[in-house]
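First residue of the sequence shown? That's 3 in my numbering, and the numbers climb one at a time after it.
If you are wondering where the hints come from, they were derived from the structure by calculation, not from laboratory data.
Straight line, CA to CA, 25 Å or less: simulated DSS-like cross-link-like pairs of lysine-lysine: (1) K69 <-> K178; (2) K59 <-> K10; (3) K231 <-> K191.
Bear in mind the structure is a predicted one, so any value in this text is a computation, not a measurement.
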Amino acid sequence: MEQSEEGKLVSSFRVNVDACDRLWVMDTGLADILGEGKQYFTPAIVIFDLKTDKLLKRYVLQSTDLKEDSFFANIIIDVTPDKCDDAFAYIPDLGGYGVVVYSLAENESWRVKHNFFYFDPLNGDFNVGGVNFQWTDGVFGLALGKLQQNGYRTLYFHPLAGIREFSVSTEILRNKTLATDPSSYHAFKVEGNRGEKTQSSASDLDEQTNVLFLTQLNKDGVACWNVNKPLTPENLGTVARDSEGLIFTNDLKIDAERNLWILSDRMPTFLYRGLQRNETNYRIFKVKVDDAIIGTPCVA
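Starting from the given sequences, assemble the full structure and let the hints guide the process.
In structure tokens:
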């Protein structure tokens with residue numbers, strides 16, 4: 003594959019703004035995904051300075067980061083405002099069942115393997131917006147907990163085709179030796195089972211309340227879980243459900259003012275039935291985090 007010119011993007015599914023006012027873009031380098039699927043360029047991380055709108059860096063993933071079925075549709079950033087050069091990106095590979103870690107300071111990346119990154123074969127059946135389909139997407143949703151005294155965070159993660167939540171300390175992921183050592187297997191934890199039909203794409207965590215928000219693909223909604231409590235179906239709260247407006251809640255994010263933003267896009271309808279031009283296909287919702295969890299088990 004060729005290397006893309008500086009600043010050019012082919013296809014990015016998600017972006018992330020870090021605490022240092024930088025926009026991180028995961029460019030898949032793949033075009034015409036619903037057609038022949040031509041891979042124009044090797045997947046790359048592209049970073050822009052939001053203060054100047056200038057390109058800061060383009061890092062092309064190494065061959066050791068990639069598998070034949072790799073697909074990178076998400077990226078989250080681990081950094082603090084006082085150490086902007088010491089940033090790490092965590093990139094889930096939903097098709098190759100792994101997570102790629104990138105160190106900005108070292109300008110190096112490595113691939114992390116674990117059984118928890120695979121999809122759950124018992125929970126790959128979806129019914130969304132009247133469309134029934136089966137997916138095998140592995141690790142997809144990533145969310146970082148608050149900074150701990152040791153300088154690390156907890157990374158919460160889950161496969162899209164699955165109903166369990168897992169976690170691992172970033173102390174493991176940020177250390178290439180530990181992250182790639184098979185003996186680190188038991189450092190990864192099972193947080194719990196969310197319950198039936200709770201398959202989720204994206205997630206994000208509010209550090210003030212320790213509440214994790216998750217999309218709910220099979221339920222046309224958004225859920226929450228206070229990570230200070232055991233993860234059980236009873237402790238999973240419903241933030242919103244709407245069989246019209248929240249069909250396929252594809253993404254969500256929490257901004258600096260603690261607003262929860264939710265994107266719904268009816269993607270399965272588009273994929274399997276084509277674009278419905280007479281319908282509203284894309285919706286963006288916003289709600290204050292504190293308002294979103296009122297009346298749910300997510301309140302402390």
